[in-house]
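Here is how the chains run, residue by residue.
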Amino acid sequence: MPDIPMVQAIGVSKRFGHIEVLKAVDLTIPKGEVACLLGPSGAGKSTFLRCINHLEKINEGELLVDGEFVGYREHGGKLYELHERHIARKRREIGMVFQHFNLFPHMTALQNTIEAPIRVNGETKAEAKKRALELLHRVGLSDKVDSYPAELSGGQQQRVAIARALAMQPKLMLFDEPTSALDPELVGEVLDVMRGLAKSGMTMIVVTHEMGFAREVADSVVFMADGMVVETGSPAALFDNPQHERTRSFLSKVL
Amino acid sequence: MPADPSTSRSGSATSPGRLVRKTVPLRHPGRWAAVAIIALVFASLVASASANPNYQWNVVWHYLFSAPILTGLSHTVELTVGSMAIGIALGIVLAVMRLSPNPVISTAASVYIWVFRGIPVLVQLLFWYFLSALFPRLSIGIPFGPSLLSVDTNHVITQLTAAILGLGLSEGAYMAEIVRSGILSVSPGQNDAAKSLGMKGLLTMRRIVLPQALRIIIPPTGNETIGMLKNTSMVIVIAYTDLLTSVSLIYARTYETIPLLIVACIWYLAVTTVLMFVQSGIERRFGRGFMPRREPGRLARTRARLFNRSATAGATHVAGGGDA
Ligand SMILES: Nc1ncnc2c1ncn2[C@@H]1O[C@H](COP(=O)(O)OP(=O)(O)O)[C@@H](O)[C@H]1O
Ligand SMILES: [Mg+2]
Chain A
1123 MPDIPMVQAI GVSKRFGHIE VLKAVDLTIP KGEVACLLGP SGAGKSTFLR
1173 CINHLEKINE GELLVDGEFV GYREHGGKLY ELHERHIARK RREIGMVFQH
1223 FNLFPHMTAL QNTIEAPIRV NGETKAEAKK RALELLHRVG LSDKVDSYPA
1273 ELSGGQQQRV AIARALAMQP KLMLFDEPTS ALDPELVGEV LDVMRGLAKS
1323 GMTMIVVTHE MGFAREVADS VVFMADGMVV ETGSPAALFD NPQHERTRSF
1373 LSKVL
Chain B
6 MPADPSTSRS GSATSPGRLV RKTVPLRHPG RWAAVAIIAL VFASLVASAS
56 ANPNYQWNVV WHYLFSAPIL TGLSHTVELT VGSMAIGIAL GIVLAVMRLS
106 PNPVISTAAS VYIWVFRGIP VLVQLLFWYF LSALFPRLSI GIPFGPSLLS
156 VDTNHVITQL TAAILGLGLS EGAYMAEIVR SGILSVSPGQ NDAAKSLGMK
206 GLLTMRRIVL PQALRIIIPP TGNETIGMLK NTSMVIVIAY TDLLTSVSLI
256 YARTYETIPL LIVACIWYLA VTTVLMFVQS GIERRFGRGF MPRREPGRLA
306 RTRARLFNRS ATAGATHVAG GGDA
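Protein chains in written order, with this note's numbering: chain A, 1123 to 1377; chain B, 6 to 329.
Bound conformation, chain A alone (with noise of 0.2 angstroms):
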């Protein structure tokens, strides 16, 4: 079915211990559209990405990622949670770009790449390599293969993760601050890499503080403050209309 969203987030809460960090978080996100996501520090966006593919685990309500429950078992009208094994296929048709790349220092840009297609997809070293290729051809970076990350800029380790998080073809890509931990002149050519993905149909959650590219690139902006989603809308509405008065606030000291 062609209407079926690619992440639906139903009443979603979750505490760490006492503290609820996300207050029944409703939101949709349509297939191929790129959502970014605002809001002040601590206000539970990465906490949010995190749930989408379970690398946390909710405490309530519903999370569905192209139809179907991230980390659970629908029975008899109850949910059961995945043994490790099924989680991790459903992790891979979900990418994910962090804010310090995390990439693995022992191995060079291609093994970073390569790594899951073969050790988790059981794919030839000869398919995978050839895909991961071109994977950094397309993020720019042909001439550094064969170098380890301490080798590497920031923009160049995050494009070799970006490439890392393709290879496994995923449908959804999550990207958690991707240029906050950057210096200034190599933003851009993070986002370059992006907005390329954006525009060959890739659905994408960002979290980011780069108003430029939300403006430019985003589907929609949802901005969220204390766990909670305040305000959603296309990029105009948002940026030139908010609503709400925390929207406002927070608006006029990041623009």
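Since the hints were derived computationally from the structure, they do not count as laboratory data.
Just so it is clear, CB atoms sit at the ideal spot from N, CA and C, and this is done for glycine as well.
Check the hints yourself; a few may be wrong.
As the list claims (entries may be wrong) - DSBU-like mimics (lysine-lysine), calculated; alpha carbons at most 30 angstroms apart, straight line:
id : chain 1 : residue 1 : chain 2 : residue 2
1  : A       : Lys1293   : A       : Lys1321
2  : B       : Lys205    : A       : Lys1293
3  : A       : Lys1153   : B       : Lys205
4  : A       : Lys1179   : B       : Lys205
5  : B       : Lys205    : A       : Lys1212
To be verified - Here are a few chain A residues that sit away from chain B, every Cβ distance over 12 angstroms (derived from the structure):
id : residue
6  : Glu1311
7  : Gly1355
8  : Ala1359
Use these hints to put chain B with the ligands onto chain A, whose structure you have.
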């Protein structure tokens, strides 16, 4: 304008008439003084060793490659390799268990570590050797139920197995702590990244976490191995003939104590040398992606040239001795 000076500077640097100046590395006269002192001390040691007849170098030479010494040496090497293999494998398992979120599993590992680090190795060796006093027969089966396989304890627990068990099982407790600190040194982001690519726990541990942890684990493991090489001499309490035991059996008979102790020292140092080179090879292998390439100084280059050559010779020497 801040841009102006920089443009003019880069302009003059590329101008055609400019001299390319050579850089002169800093001299280190202090290092050369240290070299002179070390050479002097070394020379006087050599002089005393060759002049003093009490060393009895002919006796050293007579026993260096004799059959009982070589047998003792091969037992020492076997014990070291065997018990370190058990220790490392056990250490990895115990470390992973200790980090398990399941409290029963992590507590079991902690108790093991507590017991085997707490009891002197000497006592553990004796205990394993005299296991038959406690269990005359060893059997595999269901607790309180039928046994599937049963053997005489004295058949299974020979001096060698008692020695390897005693040394290896206690080594596992020490290695567990070394491996655990290595695993904890790997950033949690690595786990997140591996999981988000669909990698499962064991695969992540094997391919992502342990290879990075090894960088931290290898140097103390080298220490443990060299320590183990010398600790094997404790097996004298269960009358197993390692290198030191063989040596002491001979000098108890001939009273040539000093030359025979020198024989033992030569072999211990030879094996230690080999182990150190193995260690630095492994360190290089697992330092990939972490170690920036560094240009060695002149002294380091000379040392590398001299030392590498003599070390290779030493290695073939030992290998030849072990075969005999
Ligand atoms: N593993 C954790 N344990 C306890 N508290 C956490 C954990 N991760 C995040 N938090 C808390 O959850 C809140 C939201 O964090 P986060 O999702 O990282 O916010 P954001 O990404 O919007 O800055 C913060 O108050 C943070 O301290
Ligand atoms: Mg965050």
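Is Lys1179/A close enough to Lys205/B, meaning Cα to Cα at most 30 angstroms?
Holds, because 16 angstroms separates the two Cα atoms, which is no more than 30 angstroms.
- So is Glu1311/A really clear of chain B, every C-beta pair being over 12 angstroms apart? About 21 angstroms separates Glu1311/A from the closest Cβ of chain B, which puts it past 12 angstroms; holds.
With d taken as the least Cβ-Cβ distance between Gly1355/A and chain B, does d exceed 12 angstroms?
holds, 29 angstroms
Compare the distance between the alpha carbons of Lys205/B and Lys1293/A with 30 angstroms, and conclude whether the hinted pair is satisfied.
-> The hint holds at about 20 angstroms.
Assess, step by step, whether the Cα of Lys1293/A is no farther than 30 angstroms from the Cα of Lys1321/A, and give holds or violated. Given that 30 angstroms is the threshold and the Cα spacing comes to 14 angstroms, the pair holds.
Is the hinted pair Lys1153/A and Lys205/B satisfied, with a Cα-Cα distance of at most 30 angstroms?
Distance ~27 angstroms between Lys1153/A and Lys205/B Cα, so the pair holds.
**Message:** Hinted pair, alpha-carbon criterion (30 angstroms max): Lys205/B, Lys1212/A. Please report holds or violated.
**Reply:** holds, 12 angstroms
When you look at the beta carbon of Ala1359/A, is every beta carbon of chain B farther off than 12 angstroms?
Answer for Ala1359/A: holds, closest chain B Cβ roughly 32 angstroms.
In summary, this structure violates none of the numbered hints.
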